[in-house]
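Asks: Since the structure of chain A is already known, use the hints to place chains B and C on it.
In case you want the letters, here they are:
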Amino acid sequence: MSHPLTLPAADQTRRGRGRLLTALGIVLLAGTYAALVATQPAGLVDGIGQGVALATFGAYLAAALLLLAAALPQLPPAALTLIPIALALNIVLGQFVGSVMIPLYLDSIGTVLVGFLAGRRAGAATGILGTLVWSLFNPTVLPFAAGAALVGFLAGTAARIGAVRRVYLAPVAGLVAGVLAGVVSAPVAAFVFGGTAGVGTGALVGAFRAMGDSLLGAVTKQALLSDPGDKAIVFLVVALLVYALPARLTSRFDFVRRHRVLGRRAAG
Amino acid sequence: MLSAARLHPFTPLAVAAAVVTTTTALGTWWVSLAVVLGCLALAAAAGVLARLAVASLAILAPAWGSQLIIHGLAGRAGEHVIAAAGPLRVTSEGLETAAGLGARLAVLVVAGLLCALLVDTHDLVAAVDSSPAPPQVGYLVAATLSLLPQLAARQRAIGEAQTLRGARAGRGPSGWWTRLRLRAVPLVLSSVHDAADRAPHLAARGFPPRSRVTRLRRVPDSTAQRRVRRLALAAAVVGPVAVLGVPVLLPAGGA
Amino acid sequence: MSGVVRAEIGSFRYAAAGVDALSGLAVDISAGSLTGIVGAAGSGKSTLGAVLAGLLPRGSRGPAPGGGHDDDRLSGRLGLDGQQVVFDADHAPRIDVAAWARRVGMLPQDARHYLSGVRATVREELAFSLENAGTPRSRMLAAVESVAGELGIAHLLDASPERLSGGQERLVAIAALAVADPGAVVLDEPLAGLDADARAEVDGLISRLRERGTAVVVMSHAFDELVTRARTVHVLSGGRAAASGAPSEVRGAAEECGVLVGTGAPAPVPAGPAAGEALLEFERVRLRYPSAAAPAVDGLSLHADAGTCAALLGPNGSGKTTVLKAAAGLLRPEGGRLRVEEPGLLLQNPADQLFERTVEREVGFGLRGGRRNPAVAEVLGRLGLAGVAGTHPYELPASQRRLVALASVLVRRPRVLLLDEPTVALDAGGRRHLVDAIRYALETGAAVLLSTHDEPFAAAVAHRTTRLERAAPNGP
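Chains as they are written, first to last, in UniProt numbering: chain A, 1 to 268; chain B, 1 to 255; chain C, 1 to 476.
It is worth saying that the hints were derived from the structure and are not from the lab. We put the beta carbon where it would ideally sit given N, CA and C, even for glycine. Please note that a few of the clues may not be correct.
[To be verified] Cβ pair distances, simulated, as ranges: (1) B:Pro220 - C:Ala292: 32 to 38 angstroms; (2) A:Ser214 - B:Arg171: 39 to 45 angstroms; (3) C:Thr263 - A:Gly263: 46 to 52 angstroms; (4) C:Ala459 - B:Thr121: 47 to 53 angstroms; (5) B:Arg226 - A:His3: 34 to 40 angstroms; (6) C:Ser11 - B:Gly175: 22 to 28 angstroms; (7) C:Arg163 - B:Gly175: 24 to 30 angstroms.
[What the hints assert, rightly or not] Heads up, incomplete: computed chain B residues facing chain A, CB under 7 angstroms, no partners named: (8) Pro62; (9) Gln67; (10) Leu101; (11) Thr144; (12) Ala153; (13) Ala195.
With the rest of the complex left out, here is chain A (with noise of 0.2 angstroms):
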């Protein structure tokens, strides 16, 4: 059997594919989105309509799918072997964060790292693969996998627009991404919880409330004043952190030398 040896040049039909999948992907999500907004009737100041809470969660959750099916046939060995890793690191690293109680969740270092060394897409698969993997851990996380794969998205783009070759730049990039993430991500907390994760941020959502917004407007409000702190500090520490790495090490991700990501530095 004379298999060949090489490989002919790289093959345009899985990418036609994986378009269609991230437009029907990003419709459904941004349909979502503008339809909560808009709609926001009477019924549902008090967030507890079931079918919208049901529509909403399935509708993110199926947009984060889809992303998922686009992106994941692209990526190449080295982003498949650093994903688990960046999984892993979100988790342990988030943990140890939250055991010297400083009040910021970190947990998105791992994804923001692919962002950063393997591009928008691994970015992208990483949040929403993690997303599936801590929902064994706690269910309730599963729709907001949308906003984690906006943030890996949003991290690979900074890379790739040179905001990682200036070290403070990084964390405006993760300022942009915090605010996004944290606008996609309130009508799940919304809608769906009809409130937060934790009591502090559920006390300042109240805060909002009785000053009179609505739920979503309180919500989005409460993650855009943690959310932007939160991701700029992530995007500044993974931009340390690659830089901490040897330069040979980077230069092994097509991506950082493709996009010269890290700026000019020469390998040794």
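Replies: Just chains B and C now, with coordinates in the frame of chain A:
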């Protein structure tokens, strides 16, 4: 009565999905309570009651607190004010809303965690591999689950190594930063190195595959379970539609 | 006999590297043969192995958008099973790594990097490549059982890959390579770091592999029992072939190039002038890990005196590391008495403690003045690391990386120097620096306690030995 070892991993997941969607659509507190109790009974039969209870409460307690504050204390709806202080109004409607949301959340958490405890992760991965999902999903989930204890152990080893060389971190933000650096840098450095070293060998073993994969592992299954899964999946969609649709249809049909 | 693999490498350079990693090499591997490739750490052995196995050059997905051509560069020709693949500046074919691996497989230095790490049993792990190729289940089962039977690891088939010992991991990884029935396998340091029993097992498995007709290429930093049986040995130095020929012909050249020849035992190290006072004492000590059911070590008595070196011997799993950790204060004894003065421990895995950007920052961490502390330059000079003071520790070959970890222990001038398997991963030059460091510590009045399974080394450097037995196998 409940032999988790004989279950195809998708069977409990499909049943849980049907139960969660239908219960959520019903939104009746006593149904939710009954479902939670049912899950706890199943957990007791499978010998995982204590783990299920602890894991569920760890998630539910803070979330319930949040819902109570948002709806019970700071809710704006409701006529029956029980207590009020400045902008805070405790109304019976608000408490009812919080209780309803809390019950809905409890069903999702308890049913979901029960599945996670009953399902063998290796069987789950083999089932995902044999499903139409991209083969990368199974690998990535399995690799993450097997890496978690390894990374935690490495984290401990790094802590020991840093203690040995007398690396101390002060207090306050700079101490936090030093601690994070002492722990995170060696961990990230060695694990990213590991990942890069593994990649070519994973490719050499034919991953990612170009066609459907086969699995040596046989996942337990039966015709009955396949039927249950099909019914459950249908119920997961039809159940809520029926529950939510019927009250709307009824008056329309009656008019 | 026909050649299974024929490689003519003009030059090979890693992406973004300033110098060639390999140049002017020709390797010809005939069916069923045993070939040795020896060299000091950093001589290019692993790179050559990866080129033979088709893992290098790494194909990129087209040129970078900026136009900069930044990929691995290989010029030369590789011949496999009658197929020729030519690489040059204009023509860089992308290798189908999986197809190549069915003809030439490679075992990396760390066998765990080859194992997928995602399977529940060794049987499933062995089937991983076949699963990915979509092989029907019955054929997979037959192939796995036959390979495991012929290579003598059938008893491991139901074990969990996570619970294998270091030696067993290599057995399983080599068997996994053999499942695809490649014409040749490249084994990178298959015997390094194993105790005598495990070495014999791996060696036996390699012999059985050759009986099946598979050609074996062994990379080693030592002229060990495998290399001395090879038909041809290539000696690498700085990415070039320093010598090639029968083992007896190239032995001298290998020694000159920093390959460990013979047992590698150094000249005996005398006790220091201040011999006498006990700096470390164990008295009927019982040690148990918090999660373990049975103690790892029980009733252990030993002492290390100023100016002398004590060695802990025993097979893997006999509790040597546990004793050293207790001596360093990481584990409190459950019973008995333990006294120690100012210990410093070199751990087995240097990756656990390296975190700075340069060697000198690493060694100077936590000292007054950091890397500018005069003790840093002094220690680096003694360990032969002065020339790499500004390099990232991870860019060094394994042998030097281990010495960096040793430097970061020595720089604190511990009165009791604890060394856990210090010879592992060291090439001949590294071993010389290690022995010098031990001699220096003894001369300056420190005590040394080291664990090793390298008995000739222990006999030369230690003045007293304690032998630990493997604890009875018991629960988790």
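Asks: So, for every hint listed, does it hold in this structure?
Replies: Hint by hint, here is what the structure shows:
no.	hint	in the structure
1	B:Pro220 - C:Ala292: 32 to 38 angstroms	holds (33 angstroms)
2	A:Ser214 - B:Arg171: 39 to 45 angstroms	holds (42 angstroms)
3	C:Thr263 - A:Gly263: 46 to 52 angstroms	holds (49 angstroms)
4	C:Ala459 - B:Thr121: 47 to 53 angstroms	holds (48 angstroms)
5	B:Arg226 - A:His3: 34 to 40 angstroms	holds (37 angstroms)
6	C:Ser11 - B:Gly175: 22 to 28 angstroms	violated (50 angstroms)
7	C:Arg163 - B:Gly175: 24 to 30 angstroms	violated (38 angstroms)
8	Pro62	holds (5 angstroms)
9	Gln67	holds (4 angstroms)
10	Leu101	holds (4 angstroms)
11	Thr144	holds (4 angstroms)
12	Ala153	violated (10 angstroms)
13	Ala195	holds (4 angstroms)
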